[in-house]
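A.B. asks: Could you use the hints to bring the two separately framed chains together as a complex?
Protein chains in written order, with our numbering: chain A, 3 to 238; chain B, 89 to 192.
In short, the hints are calculated from the structure, not lab data. We put the CB at the ideal spot given by N, CA and C, even for glycine. Treat each hint with caution, since some may be false.
To give a feel for the contact side, a few chain B residues facing chain A, derived at Cβ under 10 angstroms [what the hints assert, rightly or not]:
#1 Q95
#2 L101
#3 D120
#4 K140
#5 A168
#6 H182
Computed list of chain B residues with no C-beta within reach of chain A, every gap over 10 angstroms [to be verified]:
#7 G126
#8 L127
#9 L128
#10 A152
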Amino acid sequence: MNTAAVPPIAPPILAPTTTAAAGWRGLIADWSSDREAFHVSWGKAMMWIFLLSDTFIFSCFLTGYMTVRVSTTVPWPNPSEVFALQVAGTDVPLLLIAIMTFVLISSSGTMAMAVNFAYRRDRANAAALILVTAMCGELFVGMQAFEWSKLILQEGVRPWGNPMGAAQFGSAFFMITGFHGLHVSCGVVYLLTVAFKLLRGDYEKSGNYQIVEIAGLYWHFVDLVWVFIFALFYLW
Amino acid sequence: MNPGTGQQHPISLYLKIWGLLFVLSTMSYLVDYLHLQGLLRWGLILTFMIMKAGLIVAVFMHMAWERLALVYAILLPPLALLVLVWLMAAEAGHTLLTRLLFFN
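Looking at chain B on its own, in the form it has when it is part of the complex (with noise of 0.2 angstroms):
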């Protein structure tokens, strides 16, 4: 992209992305309303949660767009998020058995 001119791009292609964002949105809202459970109901939750956020980033924030340099700037470090997730999982997981074993 031209650092001197801005992003642009037609409205027809931000009305298809609002659109895909209704019927996502729709669609994980119906997992709750069907009360799906377990492995489905979070897998689906985290499907339709991580396409949503990915139209957002790659459409309505232009990252499909940007020159490389700045798309690796601010995609890679919040990887480094999964780590602390993963971390205090295995935090959680090891609270919730010290509970079990000595207040219940």
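Looking at chain A on its own, in the form it has when it is part of the complex (with noise of 0.2 angstroms):
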């Protein structure tokens, strides 16, 4: 049986880093001490712990907006209005931020799914659906291009003042949707290099697949942000 073939000993692979022990190997043997506290693999604690790092980065940038806000004696301008869309003559409040809100969303449900694919080796509906995030994503950067001209060349925000109120509203909108518009496009190109690896046989090759879960959990992330930055930015 299966319980006959188990080694009594722990595996013979440790003795050369014990033994051996010397130099910078050995002290990062020794620091270590080839223990793991995460039963995950490394990929994924990794990216989690720089997932926590970033979430402290945005924070810090929302806490700062919050600041601002609430010190200024001067009327912050309303999101709701400054954001409006004129559809077919009328003013449509926050029309461009929620279909900006739905299409990552989407995205996100597309790339939770990639991974579901990716994990029973189908690599052409993985590829496709990683895709699709892509331009999904592409999609969005693309809205807040147009997002922020229309900011910048009709309404006359600047980081230093806007002609609706404070003065503070400019630099803290652009530090934070630009800092997250920045993750998005970093998280499309990530998406089309797994894509292509994918496609490639990569992961096939290897046997693992978890670069695709790992790649979701980052972009899962991005959305994530977008949900804080939506309600505490735009709706507040």
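C.D. replies: So this is what it looks like as structure tokens:
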């Protein structure tokens, strides 16, 4: 049976690191002492720790925004009116932002499905769904570029002032949405790389499709950050 | 979860969560569209925000099925941010007060 095949002692692979420990290798071996705190793959653990650090960065931006908004004596521009779009002669509040939200949520949905297909080794469907995700991300960035140009060219919003109210509105807006847009753009490049390697058969060769799940973690995080920006910056 | 294999869950679950996120987004948009004001507005915005964030982290990012050690390592540190928000809110209130006193 299987149980009889289990070796009674530790695997021999540990022996060289413990006996021949010298120099930097020894230092690393001693400090790590060959222990694993999180029983997930290192790639997933590292991605989560990176996302945690990113959480702190975005939270600092949003907290800074809260501070300047609370402390200004000049009225804050009403985002509902600033980001309104004219449709058939009437102003629809926050229309573009709402569409951007739905596009990003949809891209999160297709990404989750791509992870499922990847683990079933269905490369064609997984890559197609990742490409749809990347296209939604690109669409999102495109709409953001439109929003920025409208705000800069037509409304005259600058990081140091704007005609609608508190001067800090521009700096908070450009900083927060700009950093988020940068994350989306990087995510698109990341997803395209993963889709390319998926189609080329890299993960089939190594038998490890977890890269798709890890890329998915990053993408869902970008969507997660948008949830907070949408609520705290646009709706508040 | 077995460390060797990844997170695999049925697509129907993802589609349900997707639909739920759409509903929640529509509702938070309606808060603005219907011009709700005051505590009701802020309460609803925060409620929908937390529900959406929870669904994304729990299901899309698979936190609901990860090992507890990883869940706590990732979800507990952001609680420190609540302290930062609280400190900065107090600070901002103080700044506003001094500005109103000396500049207006």
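A.B. asks: Broken hints, numbered, in rising order?
C.D. replies: none
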